[in-house]
Amino acid sequence: MENLLELRDVSKAYRVGGLLSRIFVNAIEDIQLELKAGEILSLVGESGCGKTTTGKVAVGLIKPTRGKVLYKGKDIWSMKKHEFKDYRKDVQMIHQDPYSSLNPVLTVYQILSSPLFRHSIVQNKEQAISKIEELLELVDLTPPEQYISKYPHQLSGGERQRVVIARTLTLNPKLIVADEPVSMIDVSLRASILNILLDLKEKFGVSYIYITHDLLTAKYFSKDYRLAIMYLGGIVEMGRTDKTIMDPIHPYTKALLSALPEPDPKVTRSKKTMQLRSLDVPSLLRVPEGCRFHPRCPFFKEGVCDKERPRLVEVEKDRFVACFLYES
Amino acid sequence: MKVSRLTQILSIRGLSVEYLTPRGNLKAVRNVNLDVEKGETLFLVGESGAGKSTLGLTILKLLPERAARIISGKVLFLEGERNLDVTELKGEGLRRFRWKNISMVFQGAMNSLNPIMRIRDQLYDVIQAHGMKISKKEAYERMKSLLDMVKLESDRILGSYPHQLSGGMRQRVMIAMSLLLDPKIIILDEPTTALDVLTQKNIMNVLKEIKSRLNLTMIFITHDLSLAAEMADRIAIMYAGTIVEIGEVNQIFYHPRHPYTAALLKSVPRLSSEIESIESIPGSPPDMINPPKGCKFHPRCPYKHEICMLEEPLLKEVEKNHYTACWMDNDGKSP
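Those protein sequences? They're chains D and F, same order as listed.
By the working numbering, the letter at position 175 of the first sequence is numbered 175, and the numbering carries on one by one without gaps.
By the working numbering, the letter at position 257 of the second sequence is numbered 257, and the numbering carries on one by one without gaps.
The set of hints was computed from the structure by calculation and includes no laboratory data.
Glycine included, C-beta positions come from ideal geometry on N, C-alpha and C.
One should not assume that every hint holds.
Said to hold, decoys possible - Have a look at the derived ranges for each label pair, beta carbon to beta carbon:
1) F/G24 to D/V105: 44 to 52 Å
2) F/E209 to D/D247: 25 to 33 Å
3) D/M246 to F/K266: 21 to 29 Å
4) F/I71 to D/A37: 54 to 62 Å
5) F/E209 to D/S283: 21 to 29 Å
6) D/H153 to F/Y254: 50 to 58 Å
7) D/G303 to F/N114: 39 to 47 Å
8) F/G14 to D/D199: 42 to 50 Å
9) F/G24 to D/A37: 48 to 56 Å
10) D/A37 to F/K316: 49 to 57 Å
11) F/K266 to D/D247: 52 to 60 Å
12) F/N25 to D/M246: 50 to 58 Å
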C-alpha cells in the first residue's frame, strides 16, 4: 500500500541566541518514518526530544532544514499551490492546550462555521447549523443546541478539546496529528477524548500521529499499530506497540519502561529499575557524539558508541532500532 | 503494606475552606476529617478542583488571606502533650511553626529558586530567617549533609547558580531545603510533574530513602494514580472538596468502595494488563460555587438512589483502616 505520509531523513535546526548567532541546535535529526492510510503511529519521548517539531513538520507548519516530507508520494514543499492547499486540508493538527487554541471572543458556532464557509462546504446558515450539529454529536457534545452558542470560557477543558476536535473535522481530514491532546484534561475525562478520536478512525478512516510523553496512553491509543520512541532529536526504536512495550530492545526504551510508574501497586513496586551511568539528560546544545544515549547507557562500548551515530535499522520484521548492540 | 497505627502527628477536624469569588463563595474544602500517623506516607489524590492543594495550603496556613476563609474546623499538630491548632497561629509563632514542624515543596518548586543567588546563600537564608541558632560552619555542614542525602555533589552544588542545574537537580535542592530545619512533616504538592520519567524515578527513590532515614511523615498531593501506587502507605481520594474514600494503598487499588474511586481506576490505561478499554466518568466535576445537593458525585454516579440526591453521606468504616462516604455502604453493598 502507498504511504499516506513519509518523512525522509528530515532535520530541523533552530538558531539559538538571537538573529546574528551562528549557533544552531538540531531539534530533530534524520527522522525517517512512514504512515499508511488508516494507521496510527505514536511518537513518545520526554520534553525536548523533538516529538512536537516532528509533528509540526508533518503538518507542514515547519519547513525542515534538510530532508523531504512526502504526502501521497509528493514532496509538499514543491507542490503546486492547489495541491498544497489540499494537503493542508487533509492534514490537521490538535494542540495540547485547549485553553489557548480557541478564540475566546467567538462562539462555538462561529469557530466551527468559519472553516465550513471558507472551504465552501456549506452555502448558508441553515446548512452550517445542521453540519455543526452533526459535528458536535460526533464529539459527544450533546444535545448540540446546548453548546452551539456558548463561548469557550463557558466550557470545561474536556469540552473545549472536543470543540477543537470538531473543528479539525470540519475539513474531513485524512490525517490528524494529535499533540498531547489529553495532557491538560482531567484524568477521569481523558478516556472519552481518546475514545472519540479512535471512533473517528473507525467511522472515517482517519489516520493519526499521536504525540505524547505518556507511554500509558500511547499504548492504549496505538494498541494495534506502531510506536516510535524518540530521544534527543532522533528515533531510537520503532515497531509494533505491544511488542515494543512487552519486549523493548533499545537500552533507552528499556530504561524508560523499567522506571515508569504504573497505576497498580504490586506491578509498580516489583519493577527493577535499570541503572544508568548518568541521570542527566544532555542539553540539545551539546548532543553527544556517536549514539545520543551513550553517556547514560549501561551497555556503552568505548570506541564504538561514541564514534558514529547508529542508524535506525530493521532488526526483525517491522522492528527498527538505532543501536550498535544490534548491528552485525 | 500495613500501616502500623503508631501515634498521630496531625489531626484535621471538620475543616471547611471557601474562596471568595465575584460569583459567590467557592467551597474548596468541605468538612474534611483526617488523621495522619507519624512516619506514614499519605497521598491526597484528586482531580483539578478537588480541593487537595487548598487542603495542603491550609495545613500550613498559607491560604491567601483576602481571598480565602477558613469557615470551620481545626488543624491540630500533635507533639508530645501539646496540641497546636495551626489555624490559630499568627505572626512570629506561625513563622516559627512553618518549616520547623511542617515544610512544603510546591508544584514546579524547581522554578522558585532565586536565579541570581548561589544555592549556598539561598539555603543559608532559610536557616537565618527561621532563627536557627547555629554557627556558620555548622550551617554549612548541615547543608552538605542534606545535599548528600538527596544524592547531589554538595561541593559543586553549593557554589552553583540555579541555571547551572537541571530541573531534577533543582527539585532535589528544594527537597534538601525543605529539610533544613528538621521538620516532622513534609508536604509535597505534585513534586514530579514536569520532570521526565527517569528523573522522576530518581527523586522518588531519594524521597523513600530520606523518609526511612529521618522517620519523616510525608503528605503527597497529586492527581497521578501511578505515583500513589508506587509510594503511598495510605491514600485519601478527594472529590468536590472532601475525602470520599480513604484506606491503605492495596485497599484503594484492589478493593475500591466508592463509585468515584472505582471509576477513576477504570479511566487510566495500564501497560501490562488484560484490561482492554478505558472509560471516562460521564459528566464533569460539579461547580463548587453552586454544588448539587446530597452526595456531590450523584450526578455522575451509575448507582445513585433517592437518598444520594438529598443527603450527603459521611465517611464510614467499611473494613479495618478503610473508610468510604457512600450510601451504598450503609447496607453493605459495594459498587
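Hint check results:
1. In this structure, F/G24 and D/V105 break the distance hint of 44 to 52 Å, their C-beta atoms being roughly 25 Å apart.
2. Roughly 31 Å separates the CB atoms of F/E209 and D/D247, a value that falls within the hinted 25 to 33 Å.
3. The supplied range of 21 to 29 Å is met by D/M246 and F/K266, whose beta-carbon atoms lie about 22 Å from each other.
4. Between F/I71 and D/A37 the CB atoms are about 58 Å apart, so this pair conforms to the stated range of 54 to 62 Å.
5. Separated by about 28 Å at the C-beta atoms, F/E209 and D/S283 satisfy the suggested range of 21 to 29 Å.
6. Separated by about 40 Å at the C-beta atoms, D/H153 and F/Y254 break the suggested range of 50 to 58 Å.
7. As the Cβ distance of D/G303 to F/N114 is approximately 44 Å, the hint placing it in 39 to 47 Å holds.
8. Under the hint 42 to 50 Å, the C-beta atoms of F/G14 and D/D199, about 46 Å apart, fit the expected range.
9. With their beta carbons about 52 Å apart, F/G24 and D/A37 fall inside the hinted range of 48 to 56 Å.
10. The hint said 49 to 57 Å for the Cβ distance between D/A37 and F/K316, and at roughly 55 Å that hint holds.
11. Our hint of 52 to 60 Å for F/K266 and D/D247 is violated, since their Cβ atoms are close to 27 Å apart.
12. A C-beta distance of roughly 51 Å is found between F/N25 and D/M246, which places it inside the suggested range of 50 to 58 Å.
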